[in-house]
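A.B. asks: Going down the list, the sequences are from chains A and B. Sequence positions in the first sequence follow our numbering and run 1 to 311. Sequence positions in the second sequence follow our numbering and run 1001 to 1278.
The set of hints was computed from the structure by calculation and includes no laboratory data. From the three backbone atoms N, C-alpha and C, an ideal C-beta is built for every residue, glycine too. It is possible that some hints are incorrect.
Unchecked claim - Cross-link-like lysine to aspartate or glutamate pairs, in silico, EDC-like; alpha carbons within 16 Å at most: (1) LYS1101(B) / GLU207(A); (2) LYS185(A) / GLU1207(B); (3) LYS1101(B) / GLU1168(B); (4) LYS218(A) / GLU207(A).
Stated by the list, open to error - Chain B stretches covered by chain A per the calculated footprint, using a threshold of three residues with CB under 8 Å from any CB of chain A: (5) 1052 to 1065; (6) 1092 to 1105; (7) 1139 to 1151.
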Amino acid sequence: MNNIKNLIKERFSFENNLFFKRRLRENITGYLFILPVFIFIMIFVYYPVIRNLYLSFFNWRLISPDRSFIGLYNYRRLLNDPYFWNALRITAIYAFVVVPATIVLSLIMALIVNRKMKFRAFFRTAYFVPTVISTASAAIVWVWMYEPIGGLFNSLLSMVGVSGPGWLHSPRWALPSIGIYTTWKDLGFFMIIFLAGLRNIPNHYYEAAKIDGANRWKLFRHITWPLLSPTTFLVLVMGFIRAWKVFNAVHIMTEGGPISRTSVMVYYIYRQAFEAMNIGYGSAIANVFFVIVLGITLVQFWGSKKLVHYQ
Amino acid sequence: MSKHKSLIFKSILYFIMAVFLIITILPAIWMISTSLKFPQEIFAAEVSIIPNEVNWNNYVQIFERQPFARFLFNSAVMTFFIIWGRLILVSMAAYAFAKVKFVGRELLFLSCLATLIIPEQVNMIPNYITLAGWGLINTYPGIILPYFGLGVAFGIFLLRQHFLTIPEELRESALLDGCGHIRFFLQVVIPLSKPVISAYIIFVFLEAWNAYLWPLIVTHDIHMRPAQVALAFFQSEAGAEWGLIMAGSVIVTLPTLILFLIFQNKFIESITMSGLKG
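With these hints in hand, go ahead and build the complete structure from the sequences.
C.D. replies: Structure representation (structure tokens):
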């Protein structure tokens, strides 16, 4: 009897031991698998957020070794900096015009390409070309097309007797010109996302409505539009975040000019930090920028719960 | 609906389709067209799409005027290492989050996803100072390393979602055969995930090849610039030599264009995936 008890005890402790050993090994494996990427995430994503905050309390020009603690001075300076307010205003105007324009146009494109018809694949491919062309190449072709003398747009306009504007060189037209370009560049990207959303709408809804005699507009208004609302909302938020981050187009096409009319937020941060070498001040603007983008993201969290019509 | 009405609708539809077609592909055609023209034709009063006389010389000259081969090489190196580095780091982490049970897994996964809300433009100043401290400004590692932390969350999420679909029974039977996590990961999970991994590679390729802001900041030496940045500088220096500039633009966009035409569906898939990111 005793013998058997001992045997059972031994067996259980052995299994327990094995169990714990295996769990320990499982844990170690898990941590080792995620460790490499977490080292990089810590160094290049999380630490910089804290360091940005820290740097914004200093007056530090990158080239000189001395940096002095100035508290909130950079933020006070920002409030009185007309170029900062200009950047904020320009970016907001840009976002509020470009985002709706992109959404409307890319939705129309998606609706067209989603129809069953000849050459559907060809049109989908062609509409996607702007998204595939490289950043610099695309922006530079548009600089060339926008050229006031010899450029494609003004040459075509002069053929019908209109003398075109200075586009990127004109204080009035520079921002719209950049907006037209980025809208064009992002059309294909948003079209593809709308297409994915359209595919998710069950076909029998349309069939049922057609039997009831609904016309095209009614089908769109009462089926497509409400059932597409999660996608539309996603595109809206993504579009706004992208619009706030706009930089490449501005750097390549106008360098913020003429007379700061295209000096958007990220471009202004870049100018302050890497051209004027005002690290502390650049960090302060970057933090304000971060709060704005974070705000848009929070609206998304809130909105996707409250506003959007899910099935 | 009457036939007449339907016909009107169709013609309006085809008109809109044609307008969109011109808008979307005209710039690409204009780029190729200009790159093949002689200067006198570029600035001729009348607009012509097909050059009267083809001038291939622009494609030769661009390599002579600028170390353009070097720029393309820089881009290739950068893209290659970002793809492979990301793939290794991201797939390992995604595997752990999907198939290994360890304490704090959910919290660590969340802290990884949370990086999605931090724009890289916010990180650029501190990252520059960090890399300058390591003496890595104007070097390949300086251009590449931040990409192993920035933007990896999306890949981890994507691959994890896919790894979760691999049945748990497979893991258990492999375990009985004495197959550990590393072997299971390399010999079972990775081969089973080829479609999603290849879509992710295309996604990273596009990101790396088109990277602009960070390489612009971290390279001061012209010889270290990737092609995107170098092309932009060349454009502002070359002034009105549009034939040459357009030849450069065609060359820089050629790899993405060729890949797109070959792997169209993968491209579309990877763009759709990135839409899920937001």
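A.B. asks: Would you mind marking each hint as holding or not holding in the structure?
C.D. replies: Okay, the hints, checked on the actual structure:
no., hint, verdict
1, LYS1101(B) / GLU207(A), "47 Å, violated"
2, LYS185(A) / GLU1207(B), "15 Å, holds"
3, LYS1101(B) / GLU1168(B), "12 Å, holds"
4, LYS218(A) / GLU207(A), "13 Å, holds"
5, 1052 to 1065, "violated (count 0)"
6, 1092 to 1105, "holds (count 10)"
7, 1139 to 1151, "holds (count 5)"
Checked against the numbered hints listed earlier, the structure breaks hints 1, 5; every other hint is satisfied.
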